[in-house]
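Novice: Chains W and X supply the protein sequences, listed in that same order. Quick note, in this note's numbering, the first sequence goes up one by one and the last residue is 363. Quick note, in this note's numbering, the second sequence goes up one by one and the last residue is 550.
Capping the alpha-carbon separation at 16 Å, the derived lysine to aspartate or glutamate pairs in EDC-like fashion look like this:
1) W:Lys350 to X:Glu538
2) W:Lys362 to W:Asp124
3) W:Lys350 to X:Asp536
4) W:Lys155 to W:Glu359
5) W:Lys155 to W:Glu358
6) W:Lys351 to X:Glu538
7) W:Lys351 to X:Asp536
8) X:Lys366 to X:Asp394
9) X:Lys366 to X:Glu397
10) W:Lys155 to W:Glu361
11) W:Lys14 to W:Asp45
12) W:Lys155 to W:Asp169
So, partial list: chain X residues that the calculated Cβ filter (under 8 Å) puts toward chain W:
13) Arg493
14) Met496
15) Glu498
16) Arg504
17) Leu512
18) Val513
19) Val542
20) Ile544
21) Asn545
22) Glu550
Away from chain W, derived, C-beta distances all over 10 Å, residues of chain X:
23) Pro368
24) Gly385
25) Arg386
26) Trp387
If you're looking for bench data, these hints aren't it; they were derived computationally from the structure. Note that the Cβ used here is the ideal one computed from N, Cα and C, for glycine as well.
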Amino acid sequence: MAQHLRLDSPSSVKINLPPDSPLTLLSANFGESRATARGGAMVLDLHMQLALRNQGSRNVRGVTLLVAAQEVTAGGKASVAVPSLNVAPGGTVPVRIDLSLLRPLQANPRGPLVEIGLDGVLFDNLDFYGPNRLNSRRSMAAWEMEAQRDRAHFKSVLRAGGAAALQRDVLESLARQAERPRLNVQVARSGRAVSAAAPDRIARFAFVNIPGAPVEPESGWAELSGSEARAPQIHVRNTSQVPVRYVEIGWIVRDRQGRDFMAASVPAANEDLHLPPGRSGRVLQDTSLRFSRGGGEPVSIDSMTGFVSQIEYVDGRIWVPSRAALRRASLLNLVAPSPEEQRLTDLYRKKGLSALVEELEKF
Amino acid sequence: VTKHPAESILALYAGGDLGIVGRWRTARHVDRCERCQAGVARFEAVREEVATLDDLPGIAWNRIAGEMKANIRLGLAAGEIVRNSRSEERRTLVRPRALVAAGCVAALLMAGFWLQYPAPRLAARDRGVRLEMTEAGIALRDGNRVMTLVNGRQSGVVYTAGAQGVMRARFVDSETGQVTINNVYVE
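Generate coordinates for the entire structure from the input sequences, incorporating the hints supplied.
Specialist: Listed below in structure tokens is the structure:
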């Protein structure tokens with residue numbers, strides 16, 4: 001019989017914010033969070049709401065919290081990020097945590113069952129605070145660049161064509177989001193095949209040219225076996241004048257019926273890449289992905305396409321494709337909307353056009 | 364200041380799963396350290412208890428524990444190789460050439476040993492635990508057993524996968540209107 005334990009005290013959930021953190025804990029509601037002992041493991045169902053106060057002197061644009069019950073294997077660690085914020089000094093950042101985690105039943109019985117820590121805070125001038133264990137600085141900076149791009153797009157549509165044009169554009173975006181082809185994906189690391197099958201073939205990537213991209217893909221391939229792709233690796237060349245330290249490639253797979261799906265992103269492993277101007281390098285991941293449709297029906301992969309989806313220069317600046325480039329490359333219908341586009345279109349859906357216009361006029 | 368072994372090392376030590384060098388090094392510390400002796404005793408107790416329990420309904424915890432140990436071992440192996448190569452570099456500055464040569468051979472053998480050691484484990488894990496992303500959420504899957512980590516009850520959830528082993532569920536919070544992104548990691 002499963003035993004339940006309510007997680008409602010600091011002794012079971014520890015919230016670690018460094019003394020010099022620009023965010024302080026205002027309140028923590030543990031809700032219906034509970035731990036359930038089953039067999040040799042403990043399942044932690046977290047349903048929490050934290051309120052963090054911005055004690056800094058700049059507006060907060062994003063926050064990432066690390067939530068860990070154990071950090072050794074899958075299921076023990078997660079993170080919660082809240083991008084697309086604009087919280088002024090003294091304002092409050094609400095963070096909802098709805099996750100399940102696993103831990104051994106009696107690991108460190110005297111310590112807390114779950115620890116929540118700050119991984120990073122991004123400010124409106126792109127300054128960053130935090131240990132950045134999860135590379136949240138880069139993720140949040142990229143989301144912020146996309147947010148600036150998409151806000152600028154909606155604002156320019158509003159300026160040029162008024163509220164009616166904005167409404168058309170938002171409806172197009174909502175339609176794209178609803179119709180975006182989706183796949184179920186399974187991922188395993190360290191080259192472990194999801195199935196035991198040997199690869200059928202080595203498939204080469206085709207590449208979509210993204211105008212203005214500071215890095216150009218030269219060649220790439222992955223092992224294919226039915227609905228499974230393994231160990232993608234892509235050679236890229238820095239065509240810009242600035243050294244690059246991170247590249248992320250968008251990975252599109254095409255099924256036998258000729259339908260394209262955004263499968264995953266392939267980021268460079270952290271230490272792998274340093275690309276001076278004109279030099280080539282390799283983006284690779286020792287990973288295995290299997291694709292299926294909603295009913296579990298495997299998707300046979302016919303071909304693969306890659307495109308440059310994100311760059312970090314050595315000075316920390318982030319490049320993301322422009323909307324015009326994504327549209328020209330016919331990728332706008334495939335890639336997920338940015339968090340800001342998702343937020344703005346949701347605002348329109350729930351509160352209407354005037355609320356969206358008001359929001360766009362804020363900053 | 365005494366540097367205590369990490370909890371993961373003590374866990375492996377308690378289970379007799381450390382390699383020769385790691386076991387010797389940890390034993391040397393544990394023999395002299397009451398705190399770590401208590402830690403080892405705790406892990407031994409858990410190990411005995413866990414051995415008597417069935418797998419978790421819905422997910423095979425014992426299998427995950429195997430995965431956990433394999434991951435730790437892999438990390439230790441990599442760490443050992445790095446440490447060995449670094450210490451070899453240091454030795455070259457102070458010892459005669461013969462010792463350097465002997466050290467390099469030893470390091471090579473050690474590296475070979477460590478590289479070989481986890482290989483069978485990796486092969487055994489081919490069908491092991493993995494993350495799965497569906498319209499219903501993000502789950503930990505082990506064969507036909509599934510445990511949901513992130514529930515997709517909210518409408519309009521955008522799921523994305525990263526080949527580095529991260530899955531993301533992104534939705535607009537209905538109460539705050541903010542975008543929230545839940546990230547789950549394979550390792």
